[in-house]
Amino acid sequence: MNTHTNTPAVEIENLSFAYRNQNVLEDISLKVPHGSFLGLVGPNGSGKSTLIKCILGLLTPDKGAVKLNGVPVKKFDKWSEIGFVSQKANSFNSGFPATVFEVVSMGLYGKVGLFRFLRKKHKEKVREAIAQVGMEDYTQANIGQLSGGQQQRVFIARALVSDPAILILDEPTVGVDAKSVSNFYTMLRELNNEKGMTLILVTHDIGAMSEYVTDVACLNKCLHFHGDKHVFEDNKEEMMTAMYGHEVNLLEHNHDHGHHHHHHDHDDAGRGQE
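Counting in the UniProt record's numbering, the sequence shown runs from 1 upward without gaps.
Derived from the structure by calculation, the hints contain no laboratory data. Be careful, since some hints might not be right.
[Unchecked claim] In silico PhoX-like cross-links for lysine-lysine, where the CA-CA straight-line distance does not exceed 20 Å: (1) 53 / 63; (2) 31 / 53; (3) 78 / 63; (4) 31 / 221; (5) 74 / 63; (6) 31 / 229.
[Stated by the list, open to error] If you anchor each label on the Cβ, the simulated ranges turn out as follows: (7) 187 / 106: 13 to 23 Å; (8) 182 / 228: 17 to 27 Å; (9) 16 / 119: 38 to 48 Å.
Ideal Cβ placement from N, Cα and C applies to all residues, glycine included.
Put together the whole structure using the sequences plus the hints.
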């Protein structure tokens, strides 16, 4: 899909951003190669959403640069190549009179104009995107009547309908039940594996995320870590302590060892012996 394989999908160089003299992001440099699945984690107020807004060109950094496919964000004009799912996507008014088909069609607006005039090939695209997220049985359902997890899939389909090369998701699983969340992550991993789509997932769900992503970036104003998931896994305790400033009890999803460690106790005596 992408001829420019050596150019990162997203490149951030020495980016700093402040709100009213309050530094939110300090000197962030980060490359997201094509075909990677990056989990971006950090505590509340760590600047994750601000960083996403800089990537999407919604905020201008005070210092530094953002490039999408090698093009400075200010000059970038192929926005249909970037899909975005915000955390507010699923706070839909239950009376909102739109079907799943119509909501997903909205993702073609940039290309088509009003969806009343959708051509056959566009309708095909919409159906394909709905099928990609496993919602084909709900095509004519009202969006407001779906569960949070189902709604979130529909918003992914809306982002997918324009065939983006990069999909950015900002806390997409807020308010979605645990079983739906793992299905949801599995779906994202398939998009990454099978379609080669570059994904950036902003999440505070560190335990669940690391099972699915290829790379991790830990953010708390500064970038505390960016690298391969396995390196992150091996140093997770230290990373979290560095980033949150205190020890964090992680709920681990450890399939490698065939058993789960659940660190729930704060005074877990056996902690050092794993």
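Okay, the hints, checked on the actual structure:
1. 53 / 63: Holds, at about 15 Å.
2. 31 / 53: The given pair, whose Cα atoms are some 16 Å apart, holds under the 20 Å limit.
3. 78 / 63: The given pair, whose Cα atoms are some 24 Å apart, is violated under the 20 Å limit.
4. 31 / 221: holds, 17 Å
5. 74 / 63: holds, 14 Å
6. 31 / 229: Answer holds: residue 31 to residue 229 is near 15 Å, not above 20 Å.
7. 187 / 106: 13 to 23 Å: holds, 20 Å
8. 182 / 228: 17 to 27 Å: With Cβ atoms ~22 Å apart, the hint holds.
9. 16 / 119: 38 to 48 Å: holds, 45 Å
Hint check: a violation occurs at hint 3 only; the rest are consistent with the structure.
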